[in-house]
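**Student:** Sequence:
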Amino acid sequence: MQGKTIAIIGGGPAGLMAAEVLSADGCDVTVYDAMPTFGRKFLLAGKSGLNITHSEEFKTFRTRFGSANARLRPALDEFTPQDIRNWAQGLGTETFVGSSGRVFPRVMKASPLLRSWLRRLEHQGVRLMPRHCWIGFENGGYAFDTAAGPLLVRADACLLALGGASWPRLGSDAAWVPWLKARNVRIIPFRPANCGFDVAWSDAFRERFAGSPVKSVTATSEAGTIQGEFVISRHGIEGSLVYAHAAALRDQLELTGGAALVVDLAPGRIEGRLARDLARQDRKASFANRLRKATGLDGVKAALLRECVPDASLLDAETIASRIKALPIPLLRPRPIEEAISSAGGIAWSALDETFMLKQLPGVFVAGEMIDWEAPTGGYLLTACLATGRAAARGIEEWLAGR
Numbered sequence: 001m002q003g004k005t006i007a008i009i010g011g012g013p014a015g016l017m018a019a020e021v022l023s024a025d026g027c028d029v030t031v032y033d034a035m036p037t038f039g040r041k042f043l044l045a046g047k048s049g050l051n052i053t054h055s056e057e058f059k060t061f062r063t064r065f066g067s068a069n070a071r072l073r074p075a076l077d078e079f080t081p082q083d084i085r086n087w088a089q090g091l092g093t094e095t096f097v098g099s100s101g102r103v104f105p106r107v108m109k110a111s112p113l114l115r116s117w118l119r120r121l122e123h124q125g126v127r128l129m130p131r132h133c134w135i136g137f138e139n140g141g142y143a144f145d146t147a148a149g150p151l152l153v154r155a156d157a158c159l160l161a162l163g164g165a166s167w168p169r170l171g172s173d174a175a176w177v178p179w180l181k182a183r184n185v186r187i188i189p190f191r192p193a194n195c196g197f198d199v200a201w202s203d204a205f206r207e208r209f210a211g212s213p214v215k216s217v218t219a220t221s222e223a224g225t226i227q228g229e230f231v232i233s234r235h236g237i238e239g240s241l242v243y244a245h246a247a248a249l250r251d252q253l254e255l256t257g258g259a260a261l262v263v264d265l266a267p268g269r270i271e272g273r274l275a276r277d278l279a280r281q282d283r284k285a286s287f288a289n290r291l292r293k294a295t296g297l298d299g300v301k302a303a304l305l306r307e308c309v310p311d312a313s314l315l316d317a318e319t320i321a322s323r324i325k326a327l328p329i330p331l332l333r334p335r336p337i338e339e340a341i342s343s344a345g346g347i348a349w350s351a352l353d354e355t356f357m358l359k360q361l362p363g364v365f366v367a368g369e370m371i372d373w374e375a376p377t378g379g380y381l382l383t384a385c386l387a388t389g390r391a392a393a394r395g396i397e398e399w400l401a402g403r
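Mapping of the sequence shown onto full-length UniProt numbering: position 300 corresponds to residue 300, and the numbering continues sequentially without gaps.
The hints are simulated quantities; they were obtained by calculation from the structure and are not laboratory data. Predicted model only: the values in this text are computed from it and were never measured. Glycine included, each C-beta is placed from N, C-alpha and C at the ideal position. Among the clues, some could well be false.
What the hints assert, rightly or not - Below 20 Å or equal to it, Euclidean Cα-Cα: the simulated EDC-like pairs (lysine to aspartate or glutamate) are:
#1 215 - 229
#2 284 - 318
#3 59 - 83
#4 4 - 25
#5 293 - 271
#6 4 - 156
#7 109 - 94
#8 59 - 77
#9 181 - 353
As the list claims (entries may be wrong) - Derived Cβ-Cβ restraints for the label pairs, each shown as a range:
#10 319 - 208: 19 to 29 Å
#11 293 - 116: 50 to 60 Å
#12 62 - 25: 20 to 30 Å
#13 267 - 135: 49 to 59 Å
#14 146 - 74: 29 to 39 Å
#15 80 - 316: 51 to 61 Å
#16 36 - 143: 11 to 21 Å
#17 226 - 122: 39 to 49 Å
#18 108 - 336: 24 to 34 Å
#19 3 - 86: 44 to 54 Å
#20 226 - 108: 16 to 26 Å
#21 349 - 314: 45 to 55 Å
Make the full structure from the sequences, and use the hints.
**Tutor:** Dropping the structure here:
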């Protein structure tokens with residue numbers, strides 16, 4: 001690989017991982033990014049504790065990517081969650097497994113890991129070029145808009161690692177879509193993933209409870225039944241438990257025009273026991289008191305029950321108990337993709353060969369969230385970005401060696 005020039009467009013985890021692999025093998029690597037600094041989405045994701053990967057059994061881990069499981073599997077097999085922990089250790093970042101099974105840096109920040117990573121890349125000879133905005137293909141090369149004026153780059157191979165369509169202010173704005181479409185690359189329309197949903201809250205409920213967490217519940221959708229918590233927002237619902245169901249709820253909304261997240265407000269209680277305890281309450285007491293004494297529900301949980309079942313105080317004990325155990329929260333629509341943690345859609349797998357090269361553009365490879373896959377939060381997204389960046393780098397080397 002000595003003397004081979006590689007242009008990597010996109011300075012997020014996928015692009016930087018590819019740069020690490022290629023530069024270590026002797027390639028002349030330059031990473032271009034439109035932002036003033038590298039890894040901006042990576043840094044923002046790590047502000048509240050970076051989920052670097054997940055500790056669950058790898059056989060299960062590999063099934064978290066939906067319809068893309070089979071295509072991602074070779075890349076994940078070559079760079080497993082344990083490999084990622086070892087890689088972080090090599091950069092001076094100790095990791096630990098949290099109570100949820102998620103793996104975090106001990107410092108609970110992304111910035112020390114990123115700084116060490118960028119130092120390693122520079123030590124390996126990688127040129128890091130911020131404020132270089134790719135504006136398309138031109139004259140057999142790649143055109144950039146820079147502070148110093150237009151720039152045309154030609155290279156032996158190129159990796160595109162420009163992200164999906166979520167968090168556009170950090171650079172993932174999908175501006176590249178028309179340029180690839182013009183080269184007959186099939187693109188699946190982007191959709192929000194790991195997102196919140198709009199709910200038609202009453203003004204009174206919204207004003208009082210927006211920002212309130214709903215803790216210790218389970219939620220059910222086509223994705224299954226999952227325990228956790230979520231947050232009431234001014235627009236609807238959001239948070240980790242909602243994100244776990246987001247793909248299933250989004251797909252149901254698109255298919256049928258309606259969907260509901262079904263919440264068990266008292267997962268530790270049996271429905272029959274709740275009904276008996278409710279029936280024993282004095283009907284002259286207020287509904288709030290009857291509910292609190294019989295079920296322990298008050299605050300946001302009690303308010304959520306009354307919001308979704310306006311006539312709850314008039315219902316019999318058995319019906320109230322059934323609503324507590326399976327309360328449908330009707331959803332209007334996903335929140336805009338600009339607010340989503342990640343996106344579904346992107347370059348169709350049919351447009352790629354097994355080495356992550358675009359079939360219509362020999363020598364042009366892609367990695368990360370540009371490709372049509374999605375995964376839940378909890379380290380899966382970052383793991384797949386790193387793994388595809390590494391796999392694409394190996395693909396580049398294989399293609400260059402065979403020319």
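**Student:** Each hint: holds or not?
**Tutor:** Hint check:
Straight-line distance between C-alpha atoms of residue 215 and residue 229 comes to about 5 Å, which keeps the hinted pair within the 20 Å bound. Straight-line distance between C-alpha atoms of residue 284 and residue 318 comes to about 18 Å, which keeps the hinted pair within the 20 Å bound. Pair hint residue 59 plus residue 83 holds up; C-alpha atoms about 15 Å apart against a cutoff of 20 Å. Between residue 4 and residue 25, the direct Cα distance comes to roughly 10 Å. Compliance with the 20 Å bound is thereby established for this hinted pair.
Taking the CA atoms of residue 293 and residue 271, the gap is about 15 Å. The hint holds against a cut of 20 Å. With a C-alpha separation of about 6 Å, the suggested pair residue 4 and residue 156 falls inside the 20 Å cut-off, and the hint holds. Distance check on the hinted pair: residue 109 and residue 94 sit about 11 Å apart at the alpha-carbon level, within 20 Å; holds. Note on residue 59 and residue 77: the hinted pairing holds, with a Cα-Cα distance of about 10 Å set against a maximum of 20 Å.
Restraint check for residue 181 and residue 353: the C-alpha separation of about 17 Å stays at or below 20 Å, so the hint holds. Range check, residue 319 to residue 208: about 25 Å between beta-carbon atoms, so the 19 to 29 Å window is met. Taking 50 to 60 Å as the suggested C-beta distance range, the pair residue 293 and residue 116 conforms, at roughly 56 Å. In this structure the hint that residue 62 and residue 25 lie 20 to 30 Å apart at CB holds, the actual value being about 27 Å.
For residue 267 and residue 135, the Cβ-Cβ distance of about 52 Å falls inside the hinted range of 49 to 59 Å, so the restraint holds. Our hint of 29 to 39 Å for residue 146 and residue 74 holds, since their Cβ atoms are close to 36 Å apart. Here the CB-CB span from residue 80 to residue 316 is close to 54 Å, well matched to the stated 51 to 61 Å. One distance hint, 11 to 21 Å for the beta-carbon pair residue 36 and residue 143, holds here, with the actual separation near 20 Å.
Checked against the given bound of 39 to 49 Å, the beta carbons of residue 226 and residue 122, roughly 42 Å apart, stay inside it. Distance hint check for residue 108 and residue 336: the Cβ-Cβ separation is about 29 Å, which falls inside the suggested range of 24 to 34 Å. The given range of 44 to 54 Å is broken by residue 3 and residue 86, whose C-beta atoms sit roughly 30 Å from each other. Between residue 226 and residue 108 the beta carbon distance is about 24 Å. The supplied range of 16 to 26 Å therefore holds.
A hinted range of 45 to 55 Å for the beta carbons of residue 349 and residue 314 is consistent with their spacing of about 53 Å.
In the structure shown, a violation is registered for the earlier hint numbered 19 alone.
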